[in-house]
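Asks: Each chain, letter by letter, is given below.
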Amino acid sequence: GESVGLHLPTLSVQEGDNSIINCAYSNSASDYFIWYKQESGKGPQFIIDIRSNMDKRQGQRVTVLLNKTVKHLSLQIAATQPGDSAVYFCAENFNNAGNMLTFGGGTRLMVKP
Amino acid sequence: GAGVSQSPSNKVTEKGKDVELRCDPISGHTALYWYRQSLGQGLEFLIYFQGNSAPDKSGLPSDRFSAERTGGSVSTLTIQRTQQEDSAVYLCASSRRQGRGKANEKLFFGSGTQLSVL
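As you go down the protein sequences, you meet chains A and B in turn.
Residue 79 in the numbering used here sits at position 79 of the first sequence; the count goes up by one each step and never skips.
For any residue, its number in the numbering used here is found by taking its place in the second sequence, counting from 1, and adding 1000.
Hints were generated in silico from the structure; no laboratory data involved.
Accuracy of the hints is not assured; some may be wrong.
With the Cβ distance kept under 10 Å, some of the chain A side facing chain B (calculated, not the full set) [stated by the list, open to error]:
| # | residue |
| --- | --- |
| 1 | A24 |
| 2 | P44 |
| 3 | L101 |
Owing to the predicted nature of the structure, the values given are computational and were not obtained by experimental measurement.
Virtual Cβ for every residue (Gly too), placed ideally from N, Cα, C.
Between the sequences and the hints, there should be enough to build the whole structure, so can you do that?
Replies: Here you go:
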């Protein structure tokens, strides 16, 4: 079946550096992608989204890049802060199925002071 | 309320017992979702409610799982005859709407219920 993402790898970065978290998706029909941040003991929190008719979208300190050719999604966090430490999930949606999302396994980001 | 509220936050039960998990969505949100998150894994879709329409139950793993949503607001997820493999965090989310061809609405998640089946 379709799958999204990797099985919880860990990315360790120094405070102030930029972080890049990657995600691979397998359903070429997916047309909407979202990044969520999940801190310990909390539910996932929306970070940024992108539709398939775009290849880049920027938010505050975050940028999402979409490469449909290789079915790859990335989240870039500028000037990473200790508060960015969390597990990051990518999610995909296809066929305008609203918010019935398929989630990846997540990436743990650890920020070293 | 200010956010999606779930109760209890933690539930420990014995194998074979039934459990009920509750979700209070954000006021005014018509769409409600249940997801399950196993340890170190991503989120698995379970069931979705939109207004008064029949729920989409396509993600429920077995007939031991059921959910209802009363009055278009509060939802209860029931797991009958719990098994150890049911142990997970059960997350509820809501959004303002969900509809084909329309802009996807942001999902707001609760903090989840940690279910442990002994």
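Asks: Hint by hint, note whether the structure agrees.
Replies: Status of each hint after checking the structure:
1. A24: Status violated, d = 13 Å.
2. P44: Hint on A:P44: holds, closest Cβ of chain B at ~5 Å, below 10 Å.
3. L101: holds, 7 Å
When held up to the earlier numbered hints, the structure conflicts with hint 1 and nothing else.
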